[in-house]
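Trainee: Residues per chain are reported as follows:
2 protein chains.
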Amino acid sequence: MRRVKISFQYDGSFFCGFQKQKTAVTIQCVLEQAISKIVGHSVCVHASGRTDSGVHAVCQVAHFDIQNTNITEDNIVRGVNTVLPHYIRIMDVEFVSGSFHAQKSVKQKTYQYWCYISKTENPLLFKRALHLNKLPNLDKIREQINHVVGLHDFSSFCAANSGRTNFVREVFDLKIDQKNIFENQFLIFTITGNGFLYKMVRNLVGTLLEIGYGKNFNIDEILKKRDRRFAGKTVPAHGLYLTSVKY
Amino acid sequence: MRRVKISFQYDGSFFCGFQKQKTAVTIQCVLEQAISKIVGHSVCVHASGRTDSGVHAVCQVAHFDIQNTNITEDNIVRGVNTVLPHYIRIMDVEFVSGSFHAQKSVKQKTYQYWCYISKTENPLLFKRALHLNKLPNLDKIREQINHVVGLHDFSSFCAANSGRTNFVREVFDLKIDQKNIFENQFLIFTITGNGFLYKMVRNLVGTLLEIGYGKNFNIDEILKKRDRRFAGKTVPAHGLYLTSVKY
Chain A
89 MRRVKISFQY DGSFFCGFQK QKTAVTIQCV LEQAISKIVG HSVCVHASGR TDSGVHAVCQ
149 VAHFDIQNTN ITEDNIVRGV NTVLPHYIRI MDVEFVSGSF HAQKSVKQKT YQYWCYISKT
209 ENPLLFKRAL HLNKLPNLDK IREQINHVVG LHDFSSFCAA NSGRTNFVRE VFDLKIDQKN
269 IFENQFLIFT ITGNGFLYKM VRNLVGTLLE IGYGKNFNID EILKKRDRRF AGKTVPAHGL
329 YLTSVKY
Chain B
89 MRRVKISFQY DGSFFCGFQK QKTAVTIQCV LEQAISKIVG HSVCVHASGR TDSGVHAVCQ
149 VAHFDIQNTN ITEDNIVRGV NTVLPHYIRI MDVEFVSGSF HAQKSVKQKT YQYWCYISKT
209 ENPLLFKRAL HLNKLPNLDK IREQINHVVG LHDFSSFCAA NSGRTNFVRE VFDLKIDQKN
269 IFENQFLIFT ITGNGFLYKM VRNLVGTLLE IGYGKNFNID EILKKRDRRF AGKTVPAHGL
329 YLTSVKY
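As you go down the protein sequences, you meet chains A and B in turn.
The opening position of the first sequence corresponds to residue 89 in our numbering, with each subsequent residue numbered one higher.
The opening position of the second sequence corresponds to residue 89 in our numbering, with each subsequent residue numbered one higher.
Warning: the hint list may mix true and false statements.
The list makes no distinction among identical chains, and a pair is therefore deemed to hold if it is satisfied within one copy or across any two copies.
[What the hints assert, rightly or not] BS3-like mimics (lysine-lysine), calculated; alpha carbons at most 30 Å apart, straight line:
#, residue 1, residue 2
1, 303, 207
2, 110, 267
3, 207, 93
4, 108, 313
5, 207, 110
6, 125, 222
7, 207, 312
8, 228, 215
9, 215, 267
10, 263, 110
11, 321, 93
12, 93, 215
13, 207, 334
14, 108, 263
If you are wondering where the hints come from, they were derived from the structure by calculation, not from laboratory data.
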């Protein structure tokens, strides 16, 4: 038996999220089927975490175990990519020790949330970034952004139906960048932490955007309430990208 | 009667090209249907030029005539965008003189061709840019690129079935840029001219890429041959973007 660590990318708009479902095409289903074809037996793929329907990954990590120890790392990359649809691609394969676990061994994860500012929607950014009609006040957002960083109980930013009992997470860094990429003006939130609750990034970004548009929210006070109803709206999944997982 | 000039964008991967067809979804069909619904009568949309199946537009221009002179420019933008699918969006509407013709009045057009260099395909760039496994030799490409600029007979770079008789076009500028956008290494060809023959940009880029990978092509000699068989391969449509049309 050999434990295999894979890094992969996907366009989340083609999948009903990560987790296996009986009647929907999910990333886990598609990956497990493709890998099974190449290694010759069924496998169970464990990712660093689930992503919701519509969320993209620039770098997601997972592990699985294989019985065939003759196959090389390169053969797995090439073979599995031949079988996978174009909306998902393995970038890298590494044989790791049996103690590695893609979810339990995570030290740090980074997500980005992409918005763009434009009078009209850009069809080339459809399902890829959130369309904003006007630029929010970035000074107001930056005043509040530092209150997110640190070890906090993030209950107020966790979707009500998460099924979690421990809401404490540490956010190492949160920044907002304005970038012009060709004709497009982007606003990009980058958040790094030891882990994130269900919809936590989308709830944080939604609240910060409302602050930028003039809503009188105070992140400190919202955190203290430990109640989802005190935070802002959830932004849609399609602007969210998992960009890095570190072990 | 009023002549209306529109600027619009589209993701070409959802359409069978620009030109109206009886049995396929094209940009012209979708636009004409949407505009007709808003202005209350059928219209004929004339674009600055056709784009092939898969080719994108960051800025395409067209005109059409309307009978209703009460509707405002803003009403057309908003109304038509409500009816259009997300893969196509009108950015701007302007009422112009009846002498304006979206195709015949063109002074200059710019196209970009996007490639990215990566060990594996990036699913988020699928149908958006050409995947290259390794960087071509840019010095070799730049040596030849200047021979494209100027007034030439571009027969050698025109698809055989174009039906054209005049193959002379003027290329005002052609450059190749290397850009890193986040983790992705892009190579972008930008070409500006007074007009382009059928598949001319894709044939030029294909030939220049082959030069960059070591093929002993000479642009001057290829131009002199006036024969498509002497130029390089056609690169796929999905890396091509119409980025500007000037009048």
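Trainee: Does each hint fit the structure? Answer for all of them.
Mentor: Hint check results:
no.: 1; hint: 303 / 207; in the structure: within (22 Å within a copy, 45 Å between copies)
no.: 2; hint: 110 / 267; in the structure: neither (41 Å within a copy, 42 Å between copies)
no.: 3; hint: 207 / 93; in the structure: between (43 Å within a copy, 18 Å between copies)
no.: 4; hint: 108 / 313; in the structure: neither (34 Å within a copy, 58 Å between copies)
no.: 5; hint: 207 / 110; in the structure: neither (41 Å within a copy, 33 Å between copies)
no.: 6; hint: 125 / 222; in the structure: between (48 Å within a copy, 29 Å between copies)
no.: 7; hint: 207 / 312; in the structure: neither (37 Å within a copy, 47 Å between copies)
no.: 8; hint: 228 / 215; in the structure: within (27 Å within a copy, 38 Å between copies)
no.: 9; hint: 215 / 267; in the structure: both (19 Å within a copy, 24 Å between copies)
no.: 10; hint: 263 / 110; in the structure: neither (38 Å within a copy, 51 Å between copies)
no.: 11; hint: 321 / 93; in the structure: neither (36 Å within a copy, 38 Å between copies)
no.: 12; hint: 93 / 215; in the structure: both (29 Å within a copy, 28 Å between copies)
no.: 13; hint: 207 / 334; in the structure: between (38 Å within a copy, 21 Å between copies)
no.: 14; hint: 108 / 263; in the structure: neither (33 Å within a copy, 47 Å between copies)
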